[in-house]
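Take the sequences, apply the hints, and build the full model.
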Amino acid sequence: MKTKRISQLALVVLLLLSSSLFSLSQADQDGYKTETVAEGLPASWAMTFLPNSDILLTQRAGALRVVRDGELIDADIAEVPGIHYAGQGGLLDVMLDQNFSENNKIYLSYSHGKKSSNTARLVSAALVATENSYKLEDFKVLFEAKPSRKTSHHYAARIAQLDDGSLLFAVGDGYNYREDAQTLDNHFGKIIRINTDGTVPQDNPFIGTEGAAPEIYSLGHRNQQGLTVVKGVIYEHEHGPKGGDEVNIIEPGKNYGWPIATFGIDYNGATITPYTEYEGMQSPLVNWTPSIAPSSLTEHNGFLYVSSLAERSIRKLDISGEAIKDQGKVFSKISERLRDIVSGPDGHLYVLTDGNEAKIIKIVEDKQNEL
Amino acid sequence: MNDFLKGLLAWIGAASVSALAASITSSVLVQNALIEVGAKIDWTTRLATISKDLVLLQALIPLLCIAFAIAFIIASFCYGKLGGSRLAWFTIAGASSFFVMLQIMVLVFDLMPFAGARDNSGLVLMCLCGAIGGWFYQRITPLSSA
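Heads up: the sequence lines are chains B and C, in that order. Going by the working numbering, the first sequence opens with residue 1, and the numbers climb by one from there. Going by the working numbering, the second sequence opens with residue 1001, and the numbers climb by one from there.
Quick caveat, the hints were computed from the structure, so don't treat them as lab data. Every residue gets a Cβ at the ideal spot worked out from N, C-alpha and C, and that includes glycine. Fair warning: there could be bad hints in the mix.
[Stated by the list, open to error] Far from chain C, by Cβ distances over 10 Å, these chain B residues were calculated:
1) Asn99
2) Ser101
3) Val141
4) Thr196
5) Gly198
6) Glu210
7) Thr228
8) Lys316
9) Asp326
10) Gln327
11) Lys329
12) Gly344
[Unchecked claim] With a cut-off of at most 25 Å between alpha-carbon atoms, the simulated DSS-like pairs for lysine-lysine come out as follows:
13) Lys242(B) <-> Lys362(B)
14) Lys316(B) <-> Lys33(B)
15) Lys254(B) <-> Lys1040(C)
16) Lys1052(C) <-> Lys1040(C)
17) Lys146(B) <-> Lys115(B)
18) Lys242(B) <-> Lys1040(C)
19) Lys105(B) <-> Lys150(B)
20) Lys33(B) <-> Lys362(B)
21) Lys242(B) <-> Lys1052(C)
Dropping the structure here:
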């Protein structure tokens, strides 16, 4: 009887061992593994690493939080005032100044105002360490998109910084105001460029153009939620409507077409424009039709990585040549709506999932099988 | 053809006529907005685009059938109780049901998903398309089926 039990137990142990060995070999074949760094993060939108590896995290309801050693610190760093939290709005992007170690300056973007009149804002503040966390000081509004809108969609709101220190800020078309992306007298559907004190650089492309908002750097955008600078080149991606998601290289004064030229159609199937390309306008370098809903991008080991919402994927883009080559989906074990992706200081990629129970997932690549 | 069948066909016909008018109007408005910001669209392309946009009928006809069903019952009741012009009751019912339908869309989506109705002038034109449906219905239906 006893011998029978022992042999049954041995069989169970053997099965468990073989199953875990099988899993291990699967992970090895994948060439990477994933680790959940933090979870239970409600409605989070963006994250960035501090030099000490703390993670700053924005939550759309208005709180700026810290994730330290895998734990979300209870206290908010700040409740940013005047946030319009509705639709796609709220506290959105966060970015460190390129000289953060000297000036402790961070930038935040958010939708500001009320439902009937709101807009996208870019602010700066000093992040000061406290005993257990941080606090914000010297809060300063650098830019507010004009005119205000009645919708709570398409803020874009990504922030990037050029090598000369000036800031780029993506302002979306506000959904109902798409044609305004083609005119220079407003900030809808534009990428704007300002100095870190909010003043306008005098070499902006439309300085001196009558009636043009001087902050405009490029026009003809829809909802640009990916913006990064790699070796002086500005990479941007934007959501198309139904189809027509784009990756572009942004150059000053260029028109990127929306809504006169797009590969997308309206959500109800109607035509937005008869044209997929138009003279004098930049065609996308990558076109995703059907849409993947790109939410963020980051440079990592010489490649661009794009997180997506609808496709629930990470895409890898080769930017080594003149053209941008979409190498397709990578890290396919991660199959959730992804809101943000960043390259961490430890050399690993980190993704932030979407939704009310968001997670930060670390992707650890096997160096021998680097993707 | 009995009154019920006639009423049924008039109801679906009214939704179809109204949807057709709205689809064409929306397509023209969207293209006009592009022309206003500098796009050149020749007449052949304009007509082809209007034709493509008839895809909107797939969504509009069922939605308008529901909206008109409610609105025409109310119009019929009001006409019966209060009297007045049957044409006026049904035309107003058609216009107001289109308006309410669009406002419900705004409440649900928190934005206007029907591009032709993004501004006030577009909204008024869409209500006129609804009014055409109401007019069509009262023209086709005999008094007894209204």
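Quick rundown of the hints versus the structure:
Every beta carbon of chain C lies more than 10 Å from that of Asn99(B), the smallest distance being close to 39 Å; the non-interface claim holds. Distance check on Ser101(B): its Cβ is at least 41 Å (rounded) from any Cβ of chain C, clearing the 10 Å threshold; non-interface status holds. Chain C leaves Val141(B) outside its interface by the beta-carbon criterion, the shortest separation being 26 Å against a cut-off of 10 Å. Thr196(B), annotated as away from the interface, keeps every beta carbon of chain C farther than 10 Å; the closest lies near 32 Å.
Interface exclusion of Gly198(B) from chain C stands, the closest Cβ pair being 29 Å apart, more than 10 Å. The non-interface label for Glu210(B) is consistent with chain C: the shortest C-beta to C-beta separation is roughly 16 Å, beyond 10 Å. The beta carbon of Thr228(B) is kept farther than 10 Å from every beta carbon of chain C, the shortest such distance being approximately 28 Å. The claim that Lys316(B) is not at the interface with chain C holds, since no C-beta of that chain comes within 10 Å of its own (minimum 33 Å).
Residue placement check: Asp326(B) keeps its beta carbon more than 10 Å from all beta carbons of chain C (closest about 28 Å). Against the 10 Å criterion, Gln327(B) stays outside the reach of chain C, whose nearest CB is about 34 Å from its own CB. No beta-carbon of chain C comes within 10 Å of the beta-carbon of Lys329(B); the shortest separation is about 29 Å. At roughly 35 Å, the least C-beta separation between Gly344(B) and chain C is larger than 10 Å, which holds for a residue marked as non-interface.
Taking the CA atoms of Lys242(B) and Lys362(B), the gap is about 31 Å. The hint is violated against a cut of 25 Å. Our distance criterion of 25 Å between C-alpha atoms is met by Lys316(B) and Lys33(B), whose separation comes to about 17 Å. In summary, the hint linking Lys254(B) to Lys1040(C) is supported, as the alpha carbons are separated by about 19 Å, within the 25 Å threshold. As the CA atoms of Lys1052(C) and Lys1040(C) are separated by approximately 18 Å, the hinted pair is consistent with the 25 Å bound.
Restraint check for Lys146(B) and Lys115(B): satisfied, since their Cα atoms lie roughly 15 Å apart, inside the 25 Å limit. With a CA separation close to 23 Å, the supplied pair Lys242(B) and Lys1040(C) stays within the 25 Å bound. Our distance criterion of 25 Å between C-alpha atoms is broken by Lys105(B) and Lys150(B), whose separation comes to about 31 Å. About 8 Å separates the Cα atoms of Lys33(B) and Lys362(B), which keeps this hinted pair within 25 Å; it holds.
Of the supplied pair hints, the one linking Lys242(B) and Lys1052(C) holds, its CA atoms being roughly 15 Å apart against a limit of 25 Å.
Of the numbered hints given earlier, the model fails hints 13 and 19; all others are met.
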